[in-house]
Amino acid sequence: DAKTTQPPSMDCAEGRAANLPCNHSTISGNEYVYWYRQIHSQGPQYIIHGLKNNETNEMASLIITEDRKSSTLILPHATLRDTAVYYCIVSPTGKLIFGQGTTLQVKP
Amino acid sequence: DAGITQSPRHKVTETGTPVTLRCHQTENHRYMYWYRQDPGHGLRLIHYSYGVKDTDKGEVSDGYSVSRSKTEDFLLTLESATSSQTSVYFCAIKGTGGGNEQFFGPGTRLTVL
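Taken in order, these protein sequences are the chains called A and B.
Everything in the first sequence is counted per the numbering used here, starting at 2 for the first residue and increasing by one.
Everything in the second sequence is counted per the numbering used here, starting at 2 for the first residue and increasing by one.
Any given hint could turn out to be false.
What the hints assert, rightly or not - In the EDC-like style, the derived pairs of lysine to aspartate or glutamate whose C-alpha atoms are separated by at most 16 Å in a straight line are: (1) A:Lys-96 - A:Glu-67; (2) A:Lys-96 - B:Asp-57; (3) A:Lys-96 - A:Glu-56; (4) A:Lys-53 - A:Glu-67; (5) B:Lys-95 - B:Glu-73; (6) A:Lys-96 - B:Glu-60.
As the list claims (entries may be wrong) - Some residues of chain B that are not near chain A, with every Cβ distance over 12 Å (derived): (7) Ser-8; (8) Lys-71; (9) Thr-87.
Source of the hints: derived by calculation from the structure; they are not laboratory data.
Where a beta carbon is used, it is the ideal one built from N, C-alpha and C, also for glycine.
Construct all of the structure, not just a fragment, from the sequences and the given hints.
Rendered as structure tokens:
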């Protein structure tokens, strides 16, 4: 499975868009990009996933570059409840391997 | 909410005792997973199941066994608990969306003294 690189931490002002980057330069053609988040002490929560095209759901948008070597998760209007650790995972539909993720702190 | 419950939610036990954690799901999902989460290590896969009586090892399976005798229950057993197995254990199911999106239970916090 391809490895991912994420910044360890980021801040975002409440109400603003949060843009979380992820590098996955060794991604293979059949590997999907998944995003999860984990709010303190809770189980991880699935957010979104994509292969090549940009994706949007009720929680977030996923922008994948044309060469698929990086992606950005966008939370359009961050709230205090979005404070969490965000994990970017690359997987060919097999097992998920969680790294250290990005700790997003949303500030009032 | 994928209808996943874990029991117990908290347990304290002593070294050398057997421990069984239960994951229960109500939506007939085929794939189920057990992870552990420790500070500095993120989540690591212990075992997974792809159907009744069909299980396989993950990256940290030593010291753990699993059983799945019916679709809704996936049991994780520590035959002889050790202090290194103190951790938070999460169960997950694979959704039906075609990818590998997984939905997690609330976790079990296990302390081995």
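Between Lys-53 (chain A) and Glu-67 (chain A), does the CA-CA distance stay at or below 16 Å?
-> holds, 7 Å
Does the claim that Ser-8 (chain B) lies off the interface hold, with its Cβ farther than 12 Å from every Cβ of chain A?
-> Label holds. Min Cβ-Cβ 14 Å, cutoff 12 Å.
Does Asp-57 (chain B) lie within 16 Å of Lys-96 (chain A) when you go C-alpha to C-alpha?
-> Holds, at roughly 11 Å.
Is the Cβ of Lys-71 (chain B) farther than 12 Å from every Cβ of chain A?
-> Per Cβ check, Lys-71 (chain B) is outside 12 Å of chain A; nearest 22 Å; holds.
Given the hint that Lys-95 (chain B) pairs with Glu-73 (chain B), does the C-alpha gap stay at or below 16 Å?
-> holds, 13 Å
Assertion that Thr-87 (chain B) lies farther than 12 Å from chain A (Cβ) = holds, 16 Å
Straight-line alpha-carbon gap Lys-96 (chain A) to Glu-56 (chain A), limit 16 Å = Violated, because 21 Å separates the two Cα atoms, which is more than 16 Å.
CA of Lys-96 (chain A) to CA of Glu-60 (chain B), is that 16 Å or under?
-> holds, 10 Å
Does Glu-67 (chain A) lie within 16 Å of Lys-96 (chain A) when you go C-alpha to C-alpha?
-> Violated. Lys-96 (chain A) to Glu-67 (chain A) sits at ~25 Å, over the 16 Å cutoff.
Hints 1 and 3 from the list above are not met by this structure, while the remaining hints are.
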